[in-house]
Amino acid sequence: MSLKPKRVNFNETWKELQETVKCVITLSNVPRSTWNDRFSDVYSLCVAYPEPLADRLYLETKQFLDNHVKNLLEKVRSNGKANLLKSYYQAWSEYSLGINYLHRLYLYLNQQHIKKQKLSEAEIVYGNLTPDTQEQMEIGELGFEIWKKNMIEPLKENLVNFLLEGIHEDRLGEGNPNTAEIIKGVIQSFVTVEEYKKKENLLLYQKIFETPFLQASGEYYKQEASRLLQVCDVSMYMERVTQRLKEETLRSQKFLHCSSFDKVKEKCEQHMIADHLQFLHGECKPMVQQERKGDLTYMYSLLRSVPQGIPLLINEMLEHIKQQGLQCVTSLKGENIYCQFVESMLTLHKKYKDMINDVFSGDQSFIGALDRACSSVINYRINPKVSSRSPEMLAKYCDFLLKKSAKGMSEAEIDDRLAQSITVFKYIDDKDVFQKFYSRMLAKRLIHQQSQSMDAEEAMINRLKEACGYEFTNKFQRMFNDITVSTDLNNKFSAYLKSETVDLGISFTIYVLQAGAWPLGQTSITPFAVPQELEKSVQMFEKFYHSHFNGRRLTWLHHLCQGELKLGYLKKPYQVTMQTFQMAILLLFEKTDSLNCKEIQDTLQLNTEQFNKHVTSLLESKLLHSSTQDVTPETILKLNLEYSNKRTKFRITAALQRETPQEVEQTLSAVDEDRKLYLQAAIVRIMKSRKMLKHNCLIQEVLSQSKGTFSPSISMIKKCIEALIDKQYIERTPNSADEYSYVA
Amino acid sequence: ANAAVAASAEAPATPRPRVFYPRLVRDPPPSEAKICALFEAYRDSAEDAMLADGIERLCADLGLSPDEFKVLVLAWRLDAARMCRFSREEFVGGLRALRVDSIRSLQSRLPELAAETARDPDLFKDLYRFTFRFGLDADAGQRALPADMAACLWRLVFSVREPPILGRWLRFLEGHPHVRGIPRDTWNMFLNFAEAVGDDLSSYDDTEAWPSLFDDFVEFENDKANQNIAKDREGAFKETD
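Going line by line, the protein sequences match chains L and X.
Add 1241 to a position in the first sequence, counting from 1, and you land on the number used in my numbering.
Add 1181 to a position in the second sequence, counting from 1, and you land on the number used in my numbering.
Don't read these hints as lab results, they were simulated from the structure.
Hints are supplied without guarantee of correctness; some may be wrong.
EDC-like cross-link-like pairs, simulated, lysine to aspartate or glutamate; straight-line CA separation at most 20 Å [to be verified]:
1) L:Lys1960 / X:Asp1366
2) L:Lys1968 / X:Asp1320
3) L:Lys1303 / L:Asp1282
4) L:Lys1667 / L:Asp1612
5) L:Lys1917 / X:Asp1229
6) L:Lys1917 / L:Glu1712
7) L:Lys1357 / L:Asp1296
8) L:Lys1626 / L:Glu1972
9) L:Lys1685 / L:Asp1843
10) L:Lys1935 / X:Asp1387
11) L:Lys1960 / X:Asp1397
12) L:Lys1917 / L:Asp1670
13) L:Lys1807 / L:Glu1861
14) L:Lys1935 / X:Asp1386
15) L:Lys1960 / L:Glu1914
16) X:Lys1306 / L:Glu1774
17) L:Lys1784 / L:Glu1805
18) L:Lys1960 / X:Glu1400
19) L:Lys1832 / L:Asp1744
20) L:Lys1626 / X:Asp1397
21) L:Lys1960 / X:Asp1320
22) X:Lys1306 / L:Glu1972
23) L:Lys1594 / L:Glu1532
24) L:Lys1626 / X:Asp1404
25) L:Lys1968 / X:Asp1366
26) X:Lys1306 / X:Glu1270
27) L:Lys1504 / L:Asp1612
28) L:Lys1807 / L:Glu1783
29) L:Lys1935 / L:Glu1904
30) L:Lys1935 / X:Asp1404
31) L:Lys1716 / L:Glu1914
32) L:Lys1626 / X:Glu1400
33) L:Lys1917 / X:Asp1366
34) L:Lys1626 / X:Glu1402
35) L:Lys1948 / L:Glu1980
36) L:Lys1935 / X:Glu1389
37) L:Lys1960 / X:Asp1386
38) L:Lys1832 / L:Asp1843
Bound-form chain X, shown alone (with noise of 0.2 Å):
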């Protein structure tokens, strides 16, 4: 009998790490008819939800752009389950935890939690995964990220911090389209092989554990860089005759 065959239920996220915010004065507390009525503002008119159109208008309203950094903090910090959709519960329940109820208050939050998120490893780890079940289409039963998406994401949440491989990561992946889909493993290694690599290939070890969409990159980067020394060598000879 194979038993490489079936298909399970989504994997339990793994719990979030408990941040706290130390801070100087303490804001009253958020007051939870503000947040509702916030939430109604921009809530679709057929579904109890925020959609497409609804955060948009909120982006325009906090002065944003649907595809920023900030914007998908504070998705992160929502937990939204999916793009372009929060619902009452994820919206509210969020708001009430970074306790603000405004406009005003949500806006002046979001660049500090932006640049702590950027700052502290652990944080960013944690956006970087979310960033991930963001992304696939659960209604399609989405498994994997097609890369095109895969590479918007991967633009966006490294806005900040930006690792220096990632360029040459998201060329290769734009020259190989038979790569399709990026599988949660991969997406969450590439933070790791981001680290350990830097700008230099010449470190990495393919007998490590590390998947194979890598081994495939770094080979054909050091092919590439082959090459060239090849053609410089050409080069130089034929400038010598």
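Isolated chain L, as found in the complex (with noise of 0.2 Å):
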């Protein structure tokens, strides 16, 4: 066979290739050399010579596939209504197949003569011209194009009803599964006779399935939600439309095309969500009071999926959380109120981070909503005008589980806890309070070798610094390694002794502490004549401290200090832990059994107030007796001879020890003059950088600087600003009564 071009009798050829052609259309049998001729016939045409007759050859074939598929409409139609889908059906899985087919018999004609002409998929997307309608296309094409116009067009009116129907039945749970596969081949055949298009190729299907598909979905979720309204409670309501969006989406999986998916959702949650919003918010607050879980799992799936559904729920579950936590910080009562606060807390945040969990999928709007319930309730003032006392209450729970008093709880227990106190504290506004209050507490606590163990003091130190900050915990860490560097110190001390070849007649131990970190108030500071036994360490410690550090200056704390006493006036002889001043006065008495207390002061020098206090104490140990009832001067203080105790060691220095109302006013007076050096600090800073700056703005950057430590008053940071207009550090901008400028 020759590929040269040559004359050809067209109507002869045609007239064999259109037998073929029927037989492809069809799914007739065509043996192999019968396509072979026939493909070679096609090509002929289009290279005949002296004139190609391609175009002829086109005419040709698309007035065959008219005339045969106006041919299957008859057929279609003869079959009577009530089996149009079925006989469509059947008509379109023959036609499509065979045009198939038919397509790659004129593989020549595609490919040589129809695509040269074609615009190109760039001109027709980005391009304004409107494809030409006399334009030649692909037989497959032109196949399709020649279904939708023959047979879509005249049908599609009964054929949508039908399908309509159809999926009606299915929803009612009446549906054939034989028409199922029917239905969804139908549908898909509006999809694919338009699928070759490069533009909008889903306008069809859209058109004349999709878009009353919708409505009629519409319709039916309206009056099914209405219906279930009227027999249903809100929990089997929340149930069964659960079930229903479920069963219409794998309703739409087995009938539509993907792109109508998202829509039927839409529609449905539309209905059954939307329009009943006001029912279902309405029922939230019960839900959520109740906290039904079940119910409130169904309620987060359903609200989430429409606009404006979830914030009610969120701020329900918040207002929730809130209240259940001020009730319990505002019925604490007790001894140990601080334990319970943190304990109450942890279990509401426990309680509450758990359900979210569960039953909202930790959802990051409700763990935000949880986060705001328990930073008001923590930082609640009962008393608008005094501050949260929070702040002290976790640092003295700290202080339980730190020192030695917390008993019966294993070093993991107790470690536990510490690391979730963690969570109270990140909720906490006063920061810095809690700082105060901490350093206090740390401070007796390693100074009175309170600690339980120095493990658990590091630990605690190092979560505060990943929680708040390396310059929070600055002083806590420098405290704690003055603690650790003072055994070496004392080694080093023992060792000089040694080398000196001095003996101090007693045991001695001693902490250095700088005096920048530690939270120690000069208030009580006193005279105090140190007693002869305890001179000469004093003396051989300071020269042996400056000979090893030049230019440091050492103040001794006498009022910190303890000592261990032995009695041997007693029956048994008792080893009593006591404080410096407490043990000075018990001294004096190694050479006599009574004295008055103007001579144990002057001898002593304490100050008055040092000296009854811890004159008092020994009183209340019943070591010494007194001649009257209160102390004063004259009074006569004896050795009691008679004293004896079941313990042969043990401690007077508790009473000494124990945080006094004052100290906590104290405290929080020192925060309150902190606070005010900060914010004047932080006013000059942003003054300085701004130069001119509105009141709000400077008022809203102190804010936002001064989040991480507390949160100041307005009145308090316009006070700070008073004070700086008055130091001159800044001014009133001339003219300008509500803005300041920076007076460099």
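Two chains, two frames, some hints: make the complex.
Next comes the structure, spelled out in structure tokens:
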């Protein structure tokens, strides 16, 4: 066979070709050799001499297909209306397959003749030209186009009605499993006939099927919703709706083109959820208050799918958690109120965190609500003018755990509770108040050796550092280090004593504390004449220390020291741990059994307040007796020679180490002073960089800078601004009373 | 380091607005000699300045009482550094600037000046701000006016064009002895405050840049008003019983 163009008799060739075309389109048997011959016939016609006959071939084929489809239409119609879907589907199944084969038979025409004159994709997508209707199409496309025109157009209304009916029956559960395939196939045909198009290739599907379908679905679910509402309570309604939504999703997958899935879902949600939002929202409050988890799970998944659905539920949760929390904190009473406070907060937090994870799949907006609720409970002020006691209570809680007092708990348990207390810590606004209290309690624990374990202390400092930064725990760290370094120092000191061959007569250990890091006020400093027994230790240590660290000044904090005294004048020997001042008083009784107060005070040079405090503590311990009810200079103190105690080793320091209300007061006012300085420094910094700033901007900047450590009141910021105006760091901008400028 | 502690020198006084007085008849220039003679007449025997006693005599000769608005205006025009003392420089320079050289001419000039100051807001503001500095006891290193002194000066400076809120404000200060000093900013801003609120504290907005003492004052007044309302209600219930 030659590929050379030659003369061809069109009529003869077409006649043969047409026969084969008929067979191909009806899926009848076509022998391989015939197929091959007709394939070359198409070629010959396209390249015929003297004129190519391609256009004629195209027209004849088009005419043939046109007639063929018209005949099919008649056939489909003749099968009766009731069988419309089925017969359409059969015709379509055959035709769509046949046209595919035909397309291949006409390969040469498609490839060489038609493609060349087609517009490129870019021209269609980006150009403004409307495709010429007279333009020739590839045979496959032509076949679909003819189907659309001759089959779908005349039948579409009936087809769609039957389709909607079929889907409706499926919804009612009356669908016939055999028709499912037909329905899907028919719907798919609307998509397939336009699939070849490069632009808006779902238009037909959307126009003739999807739009009426969505409309009908909307109607259906509107009625379904109101039907359900009449027979169901809210729990059942939500359950049913959830089920309906699930079913409808499956149904979409069963019948529809994937572009419709979301639209159907949206329609259902619109009519079954959004339209009844008021009803659902109204049910949220009792549901949340009774913590009906099952209902809430449904509610969450329903509300989440519609706009404006969720915020109300979030808010109800927030309010509920807050109410629960406030009820908790306002009803606390008793001795260990700080334990109750922290632990009940932790329980509350855990309970609702778990609930949010279970019910609201850990949704961040609910976690945010939990945070806000916890923060407002923890920072709640019973009296709006008095700041919250939570920072103090949390510090006490930590103190309780870190002290030796926490008995009956394993180390791991203590560690676990300390780790959890950070949760509460993070919610505290006034972190600086916590810092002050923590620092005072830490100091007491370290100095009086009350810490359960130094590892636990260090771990806690590290946790706080992690939560609030290096600066926040700087002083804690330094305090901790002073204590650790002191062990080494004491060793060196004993080595020094040995090398100097000095015997102090007592065993002596010391802590050297950096003045800046420790919250040790100067208030309780009193003059004190160190008893002879201790004098040597003091002198030797000073000598040793100054030889090691030139230029450092040591201040002796005798009021924080303690010693062990052996009592040998009683029936049993006792070993008593007491404070230095108590010890100094008792040491005076070495040679006598009674002394009057004035003598003692003159010898020791203690101030009256300290003296009375310590004498009273000795009287309470019953080691001494007094001649009068109150302690006056004339009171005579006598050694209690009848003293006895079940234990031979005990301490009498406890009463003196307890936190007094004045100390709390002092701590709080120290915080206040620090805050003023902090705010003034912040204002100066801000104004220095901004030069000029409106009042409210300045307030906002200050608030955002101090957010990490505390939340200052506006009036405190204002007072600091005034103080700075007075000190001429800033001034009001001339002619604007509402703006400040920095005075360089 | 905290940046918020340090004392600094007095702020430079804002320049006085220049005011020109249109006059129909041009007075002859004042005689330097006459002014000096006048100063000598009231001058203290020991110090080269006019002190309380001399100023009292001067006021008497002018037919004024020392605690009158016109005397304050005079001190302002002389730019007196402090109370009860006119230095030679202040007195001679001031009178020259006022173009007067005798008791009579000064006496006729003062009412004119006082009226004009009361009328013109800029001039009044200048006088008002001057009054704070004038009242400070500079020798004692005062930075704020003691509240009682401030109250006296407020009465004096507002003896013309008294703002409606002044009475309540002064009663508030009297009732709150813990308010010890009035700093310069609070003094200056009171003029704005009085203009802004008029007689109606409901327009007051504590989110604006007012000194906090005004916040306290307004809160106090509002509390009082609310209590009165509550009392009125109680009263009304009793009557209906």
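The hints, checked one at a time:
A threshold of 20 Å between alpha carbons decides the hint, and for Lys1960 of chain L with Asp1366 of chain X the separation of about 12 Å falls inside it, so the pair holds. Under the criterion of a C-alpha separation no larger than 20 Å, the hint pairing Lys1968 of chain L with Asp1320 of chain X is consistent with the structure, at around 18 Å. With a C-alpha separation of about 17 Å, the suggested pair Lys1303 of chain L and Asp1282 of chain L falls inside the 20 Å cut-off, and the hint holds. Distance check on the hinted pair: Lys1667 of chain L and Asp1612 of chain L sit about 10 Å apart at the alpha-carbon level, within 20 Å; holds.
Note on Lys1917 of chain L and Asp1229 of chain X: the hinted pairing is violated, with a Cα-Cα distance of about 46 Å set against a maximum of 20 Å. Our distance criterion of 20 Å between C-alpha atoms is met by Lys1917 of chain L and Glu1712 of chain L, whose separation comes to about 18 Å. Proximity of Lys1357 of chain L to Asp1296 of chain L is assessed by CA-CA distance (about 13 Å); at most 20 Å being required, the pair is judged to hold. Between Lys1626 of chain L and Glu1972 of chain L the CA atoms are separated by roughly 30 Å; this puts the pair beyond 20 Å, and the hint is violated.
Proposed proximity of Lys1685 of chain L and Asp1843 of chain L is contradicted: the alpha carbons are some 30 Å apart, above 20 Å. For the hint linking Lys1935 of chain L to Asp1387 of chain X, the alpha-carbon distance of about 15 Å falls within 20 Å, and the restraint holds. Proposed proximity of Lys1960 of chain L and Asp1397 of chain X is supported: the alpha carbons are some 12 Å apart, at most 20 Å. For the suggested pair Lys1917 of chain L and Asp1670 of chain L, the alpha carbons sit about 16 Å apart, so the restraint of at most 20 Å is met.
Between Lys1807 of chain L and Glu1861 of chain L the CA atoms are separated by roughly 19 Å; this keeps the pair inside 20 Å, and the hint holds. A distance of roughly 15 Å separates the Cα atoms of Lys1935 of chain L and Asp1386 of chain X; the hinted pair therefore holds under the 20 Å criterion. Of the pairs offered as hints, the one joining Lys1960 of chain L and Glu1914 of chain L holds, with about 13 Å between alpha carbons and a cut-off of 20 Å not exceeded. Between Lys1306 of chain X and Glu1774 of chain L the alpha-carbon distance is near 74 Å, which puts this suggested pair outside the 20 Å criterion.
About 24 Å separates the Cα atoms of Lys1784 of chain L and Glu1805 of chain L, which puts this hinted pair outside 20 Å; it is violated. Between Lys1960 of chain L and Glu1400 of chain X, the direct Cα distance comes to roughly 16 Å. Compliance with the 20 Å bound is thereby established for this hinted pair. With a C-alpha separation of about 23 Å, the suggested pairing of Lys1832 of chain L with Asp1744 of chain L is violated against the 20 Å cut-off. Of the supplied pair hints, the one linking Lys1626 of chain L and Asp1397 of chain X holds, its CA atoms being roughly 14 Å apart against a limit of 20 Å.
Of the pairs offered as hints, the one joining Lys1960 of chain L and Asp1320 of chain X is violated, with about 27 Å between alpha carbons and a cut-off of 20 Å exceeded. Distance check on the hinted pair: Lys1306 of chain X and Glu1972 of chain L sit about 17 Å apart at the alpha-carbon level, within 20 Å; holds. A hinted pair counts as satisfied when its Cα atoms are at most 20 Å apart, and Lys1594 of chain L with Glu1532 of chain L qualifies at roughly 13 Å. Distance restraint check for Lys1626 of chain L and Asp1404 of chain X: the Cα-Cα separation of roughly 15 Å lies within the 20 Å cut-off, and the hinted pair is therefore satisfied.
Of the supplied pair hints, the one linking Lys1968 of chain L and Asp1366 of chain X holds, its CA atoms being roughly 11 Å apart against a limit of 20 Å. With a C-alpha separation of about 24 Å, the suggested pairing of Lys1306 of chain X with Glu1270 of chain X is violated against the 20 Å cut-off. Restraint check for Lys1504 of chain L and Asp1612 of chain L: the C-alpha separation of about 36 Å exceeds 20 Å, so the hint is violated. Straight-line distance between C-alpha atoms of Lys1807 of chain L and Glu1783 of chain L comes to about 26 Å, which puts the hinted pair past the 20 Å bound.
Pair hint Lys1935 of chain L plus Glu1904 of chain L does not hold up; C-alpha atoms about 40 Å apart against a cutoff of 20 Å. With a CA separation close to 29 Å, the supplied pair Lys1935 of chain L and Asp1404 of chain X exceeds the 20 Å bound. Only pairs whose Cα atoms come within 20 Å are accepted, and Lys1716 of chain L paired with Glu1914 of chain L is accepted, the gap being roughly 18 Å. Our distance criterion of 20 Å between C-alpha atoms is met by Lys1626 of chain L and Glu1400 of chain X, whose separation comes to about 14 Å.
Among the hinted pairs, Lys1917 of chain L with Asp1366 of chain X is consistent with the structure: their alpha-carbon atoms are about 19 Å apart, no more than 20 Å. Proximity of Lys1626 of chain L to Glu1402 of chain X is assessed by CA-CA distance (about 19 Å); at most 20 Å being required, the pair is judged to hold. At roughly 23 Å between alpha-carbon atoms, Lys1948 of chain L and Glu1980 of chain L are farther apart than 20 Å, so this suggested pair is violated. Restraint check for Lys1935 of chain L and Glu1389 of chain X: the C-alpha separation of about 10 Å stays at or below 20 Å, so the hint holds.
For the hint pairing Lys1960 of chain L with Asp1386 of chain X, the CA-to-CA distance comes to about 16 Å; that is within 20 Å, so the pair holds. At roughly 17 Å between alpha-carbon atoms, Lys1832 of chain L and Asp1843 of chain L fall within 20 Å of each other, so this suggested pair holds.
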